[in-house]
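K.L.:
Heads up: the sequence shown begins at 219 in this note's numbering, then just goes up one per residue.
One or more hints might be untrue.
[Unchecked claim] Okay, derived cross-link-like pairs now, DSS-like style, lysine-lysine, Cα gap no bigger than 27 angstroms in a straight line:
(1) LYS336 with LYS235
(2) LYS340 with LYS328
(3) LYS338 with LYS328
(4) LYS346 with LYS235
(5) LYS235 with LYS338
(6) LYS336 with LYS346
(7) LYS328 with LYS235
Honestly, the hints are just simulated from the structure, not real lab data.
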Amino acid sequence: MSESDTPPILIVDDQEKLLRLVVMLMTRIGFPDVEGVTTAAEALERLRTRRYALVISDLTMEPMDGLALLREIRGDDALMNTPFMLTESSFDFEDINLAHQAGADAFILKPFDMAVLKSKLKQVLNRKPRKRDAPIAAESTLTVDFPMLGKF
Numbered sequence: 219m220s221e222s223d224t225p226p227i228l229i230v231d232d233q234e235k236l237l238r239l240v241v242m243l244m245t246r247i248g249f250p251d252v253e254g255v256t257t258a259a260e261a262l263e264r265l266r267t268r269r270y271a272l273v274i275s276d277l278t279m280e281p282m283d284g285l286a287l288l289r290e291i292r293g294d295d296a297l298m299n300t301p302f303m304l305t306e307s308s309f310d311f312e313d314i315n316l317a318h319q320a321g322a323d324a325f326i327l328k329p330f331d332m333a334v335l336k337s338k339l340k341q342v343l344n345r346k347p348r349k350r351d352a353p354i355a356a357e358s359t360l361t362v363d364f365p366m367l368g369k370f
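Model the full structure from these sequences, guided by the hints.
P.N.:
Pasting the structure below:
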């Protein structure tokens with residue numbers, strides 16, 4: 219599989235050091251096409267010009283946080299099926315509840331545990347596309363081989 223066959227991943231984090239670290243981590247586990255942005259507004263711009271296999275966004279950002287970004291993505295018919303993971307150093311029940319209602323596919327705590335990250339990536343990338351007012355299916359139509367993660 220060539221690099222161009224591997225779907226790109228978009229990382230969103232307002233802390234530049236963490237952003238670079240996550241981009242590097244994703245590249246190391248087999249995603250050669252990873253982009254990073256520091257604002258939710260910039261993420262929306264990118265999402266409207268390129269198709270991404272996944273968005274991994276920090277929850278706590280200013281002025282638009284990860285939850286607001288998620289709601290924008292789920293509210294846009296062209297973007298609503300983009301898999302979305304939220305990251306944070308701690309989640310409380312309210313964060314998780316609001317993000318689940320908004321359509322988050324997964325949550326992962328920082329710093330990332332590699333086994334948990336790989337497991338969450340498989341879970342999220344194997345989901346079927348959403349339909350308006352329909353439950354999310356457990357199976358995927360995505361059949362892409364990601365190095366280090368195996369066949370999806």
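K.L.:
Checking each numbered hint in turn, tell me which of them this model violates, lowest number first.
P.N.:
Failing hint: just 4.
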